[in-house]
Amino acid sequence: MVYMSSRERMIAALANKQPDRIPVSPDISNMIPCRLTGKSFWEVYINNNPPLWKAYLNAVDYFGIDGWFVYGDLQFKTKTTVDREIINKTQDMWVVKDIYHTPDGDMTQIMNSLRADSPTTIEKIIKDFEKDFKKFKHIWSDEITYDDSLFKQQKKELGEK
1450 MVYMSSRERM
1460 IAALANKQPD
1470 RIPVSPDISN
1480 MIPCRLTGKS
1490 FWEVYINNNP
1500 PLWKAYLNAV
1510 DYFGIDGWFV
1520 YGDLQFKTKT
1530 TVDREIINKT
1540 QDMWVVKDIY
1550 HTPDGDMTQI
1560 MNSLRADSPT
1570 TIEKIIKDFE
1580 KDFKKFKHIW
1590 SDEITYDDSL
1600 FKQQKKELGE
1610 K
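Sequential numbering of the sequence shown, starting at 1450, is according to the numbering used here.
Because the hints were derived from the structure by calculation, they are not lab data.
One or more of the hints may lead you astray.
[Claimed, not checked] Restricting the straight-line Cα-Cα distance to at most 30 Å, the calculated cross-link-like pairs of lysine-lysine (DSS-like) are:
no., residue 1, residue 2
1, Lys1526, Lys1584
2, Lys1586, Lys1528
3, Lys1573, Lys1546
4, Lys1573, Lys1538
Kindly produce the complete structure, drawing on both the sequences and the hints.
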């Protein structure tokens, strides 16, 4: 049997065809990729140093597994803009506030970003459904354009993994 790339192997298995071996793609999620960077989780999640998708690809290479890449990302531009503030920093946690500026008013969301764990939302963006839904619907609509440069970079770096 001919050697297959990870991509070819996964596609063959999903199409119920014979891969060269069983694909190995454990759910390493974000915990393992973040820990392998040796950095705090806020470096990855808040500062994108490295971005989570890149940390995942590095983990795939490190363990020699078949990647299951779920981070492909078109950057949509909408009428809503987002500002991010770090409102508190301690040795073990950052508290981060995202402010969504919509045509119908602002909405906020607050999360804790821990040194050694994934961020957790502690104040949700919708506080009062009747008041907030009018604003919220702008977040995922009103697309003006998109930027596919990050997607192209991700696709290039993913290659045949």
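Checked hints:
1. Lys1526 x Lys1584: holds (16 Å)
2. Lys1586 x Lys1528: holds (11 Å)
3. Lys1573 x Lys1546: OK: Lys1573 and Lys1546 at ~10 Å, within 30 Å.
4. Lys1573 x Lys1538: holds (20 Å)
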